[in-house]
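Protein chains: 6
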Amino acid sequence: MKKEDTAAIRFQRERDELNNIVLKHAGKNLKRFYSLDSAVYRDGALPAKTKELLGFSTSLVLRCDDCILYHTIRCFEEGVTTEEFEEAVTIGLAVGGSITIPHIRRAMKNWQELLDHGLPGKGK
Amino acid sequence: MKKEDTAAIRFQRERDELNNIVLKHAGKNLKRFYSLDSAVYRDGALPAKTKELLGFSTSLVLRCDDCILYHTIRCFEEGVTTEEFEEAVTIGLAVGGSITIPHIRRAMKNWQELLDHGLPGKGK
Amino acid sequence: MKKEDTAAIRFQRERDELNNIVLKHAGKNLKRFYSLDSAVYRDGALPAKTKELLGFSTSLVLRCDDCILYHTIRCFEEGVTTEEFEEAVTIGLAVGGSITIPHIRRAMKNWQELLDHGLPGKGK
Amino acid sequence: MKKEDTAAIRFQRERDELNNIVLKHAGKNLKRFYSLDSAVYRDGALPAKTKELLGFSTSLVLRCDDCILYHTIRCFEEGVTTEEFEEAVTIGLAVGGSITIPHIRRAMKNWQELLDHGLPGKGK
Amino acid sequence: MKKEDTAAIRFQRERDELNNIVLKHAGKNLKRFYSLDSAVYRDGALPAKTKELLGFSTSLVLRCDDCILYHTIRCFEEGVTTEEFEEAVTIGLAVGGSITIPHIRRAMKNWQELLDHGLPGKGK
Amino acid sequence: MKKEDTAAIRFQRERDELNNIVLKHAGKNLKRFYSLDSAVYRDGALPAKTKELLGFSTSLVLRCDDCILYHTIRCFEEGVTTEEFEEAVTIGLAVGGSITIPHIRRAMKNWQELLDHGLPGKGK
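Quick note, the sequences are listed as chains A, B, C, D, E and F, same order. Read in numbering that gives the first Met the number 0, the first sequence has 47 at position 48, and its numbers run on one by one without any break. Read in numbering that gives the first Met the number 0, the second sequence has 20 at position 21, and its numbers run on one by one without any break. Read in numbering that gives the first Met the number 0, the third sequence has 35 at position 36, and its numbers run on one by one without any break. Read in numbering that gives the first Met the number 0, the fourth sequence has 71 at position 72, and its numbers run on one by one without any break. Read in numbering that gives the first Met the number 0, the fifth sequence has 18 at position 19, and its numbers run on one by one without any break. Read in numbering that gives the first Met the number 0, the sixth sequence has 103 at position 104, and its numbers run on one by one without any break.
Don't take each hint at face value.
Computed list of lysine-lysine pairs in DSS-like fashion (alpha-carbon distance at most 27 Å, straight line) [as the list claims (entries may be wrong)]:
id, chain 1, residue 1, chain 2, residue 2
1, A, K121, A, K48
2, C, K30, D, K48
3, D, K30, A, K27
4, C, K23, D, K48
5, E, K121, F, K23
6, F, K27, E, K108
7, E, K30, A, K108
8, F, K48, C, K48
9, C, K30, B, K30
10, C, K121, C, K108
11, A, K48, E, K27
Just a few of them, taken from the derived set where beta-carbon distance is under 10 Å, the chain D residues facing chain F [claimed, not checked]:
id, residue
12, F10
13, E13
14, G43
15, S58
16, L59
17, E82
18, T89
Anything over 12 Å on all C-beta distances counts as not near chain F; from chain E, calculated [unchecked claim]:
id, residue
19, D42
20, E77
21, E85
22, E112
None of these hints come from the bench; they were simulated from the model. Here the structure is a predicted model, which is why all the values come from computation and not from measurement. Note that the Cβ used here is the ideal one computed from N, Cα and C, for glycine as well.
Based on the sequences and whatever the hints tell you, model everything.
As structure tokens, then:
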């Protein structure tokens with residue numbers, strides 16, 4: 000791990016590495032879940048941007064840092080503004096309570112890194 | 000309780016009744032939370048419709064039937080279509096797993112009642 | 000079920016009935032858990048009253064109505080005042096978020112019943 | 000609802016009724032999840048009996064009564080004995096804590112009904 | 000990070016740093032939640048010490064290490080004794096089950112550090 | 000920490016170290032829970048292998064990495080095959096949803112390490 004890497008870069012590298020191990024052992028059903036999990040966020044009646052906000056806020060109230068980071072990156076890619084992101088964070092906080100605050104701290108730090116450094120592999 | 004009442008009508012009646020008891024005993028901080036909890040869903044950078052979808056999907060993955068019903072009614076009021084509602088349900092299911100299915104069954108039944116009978120106190 | 004029974008009375012009757020079925024089938028380890036579960040709330044370095052408040056607030060954030068009702072009754076028995084109860088409720092709400100509100104509504108209704116009718120089997 | 004119906008019969012009737020509403024509105028992804036959710040419990044490297052015990056114990060620690068009842072019925076169908084069921088219950092209790100006890104009470108009552116009345120539609 | 004820092008010191012440093020980022024982007028409602036979250040633990044009908052025990056035990060059963068550490072430090076500040084802390088831990092364990100044990104291990108290690116090194120910035 | 004240690008070795012070392020601190024401060028009830036927690040996984044009506052699969056899958060849906068790793072090691076010790084492990088993983092994924100995926104990635108990586116390096120202290 001290079002010291003200067005952002006959380007987003009570190010996450011994507013580790014995620015790819017570990018998904019390779021999962022898929023090496025995965026049976027048919029596990030693979031079907033992975034495929035389904037991509038499909039539900041695609042543009043449909045609701046645009047991908049709204050769907051990523053749903054992915055983000057559900058991950059926040061369930062308090063999974065990796066899931067939160069994944070959807071933080073995707074929200075940024077879909078053009079969510081800082082004001083919109085902050086409102087989604089605040090709904091998650093109201094619904095899920097103060098127990099979500101440590102995750103919100105890390106999410107906001109990662110959002111700041113995306114603002115400062117842009118998307119992994121794309122720059123600002 | 001009248002037999003023919005919809006789930007939405009029964010819920011709103013009981014909710015009002017019980018909130019009166021809560022507010023009778025509520026101190027300053029509890030009242031502040033109630034007030035904050037209304038404020039976060041108002042139109043802002045994100046429209047109220049999107050915020051209610053966030054309220055709905057977070058309630059679904061946290062599996063609280065009353066919260067799900069509340070936001071189901073609010074989504075309907077904000078003009079969410081059946082196709083949009085179904086996609087929010089499916090994201091909740093993918094994120095939260097099969098453990099959400101009994102809640103999805105009840106949510107879809109309540110959505111159908113809203114389609115059939117309209118909003119409580121407003122008709123179709 | 001008699002219509003006029005309080006939630007506390009109905010709960011205790013059903014709880015006794017079902018615990019009899021559990022204990023009929025219970026092995027040694029399940030019985031040990033039941034015994035341990037009573038022991039942890041007894042007076043110790045912390046008084047039983049504080050321990051019941053801990054039992055109540057943990058049940059509230061985990062959102063189990065039966066557990067909440069059990070500890071609501073026990074808090075009342077241990078002389079918790081309405082002001083103290085309301086503060087424990089508010090901490091649960093702040094920690095656990097709005098998803099706890101439906102449970103708070105029911106808890107406050109049950110507290111009101113205890114204030115109005117006293118403990119089950121003891122009267123006011 | 001007939002008064003004398005077992006919990007298993009009432010559950011299966013309501014489940015079928017509500018699943019019809021869900022499937023009426025379901026898009027492709029929601030249907031794929033339903034299909035996947037059946038597939039994962041079929042005989043494979045692990046026998047269906049073990050898989051139903053996994054379904055039961057995960058539902059117990061996540062505290063979903065309908066899911067618990069569904070897998071209780073399926074465990075009974077797969078020939079799980081009362082001793083085996085009790086041990087799965089006790090593991091769920093140890094892992095998930097006393098917050099699972101109200102669900103265990105209901106699960107054991109339903110198990111007793113299955114012992115007394117047999118499977119819905121099949122008799123003893 | 001200096002190697003010899005306690006978990007409490009590292010946590011408070013990181014918490015301050017990240018809260019600065021949160022507050023830079025925070026809207027009115029997010030700030031109101033932060034303010035409310037401080038208010039609920041102040042002396043009232045229940046003393047701050049009891050309230051911190053409630054904050055600790057709810058954080059333990061919801062299994063949030065940062066929240067647990069925050070309230071562990073606050074319990075220590077409020078004069079909670081090791082015997083009292085251990086009883087609050089045990090109630091959390093009974094309510095929340097063995098899934099809390101890894102968090103209990105870390106909480107006890109942090110408590111031991113507080114016993115050995117005193118509060119961050121204050122010494123023993 | 001030696002760089003080349005597997006996750007299993009690091010976990011067992013840290014677990015032993017921290018359990019010593021817990022047990023130093025543990026009262027009677029906390030010790031009873033630890034003892035009960037070992038007892039429920041022993042051979043009984045269900046074999047230890049099945050019980051460890053139950054411990055694994057409940058830990059997975061409750062999303063506790065340390066608990067998952069503990070039962071991953073125990074499953075490997077009890078002779079669970081990779082195919083059986085993958086099916087237990089997939090049931091956890093279906094029940095608990097995509098929020099479990101980051102834990103599944105880490106579980107599969109640890110399983111791969113066990114396949115490659117054998118049990119801690121025993122070799123391949």
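For a quick check of understanding: which of the numbered hints are violated here, in increasing order? Hint check: 8, 9, 12, 13, 21, 22 fail, others pass.
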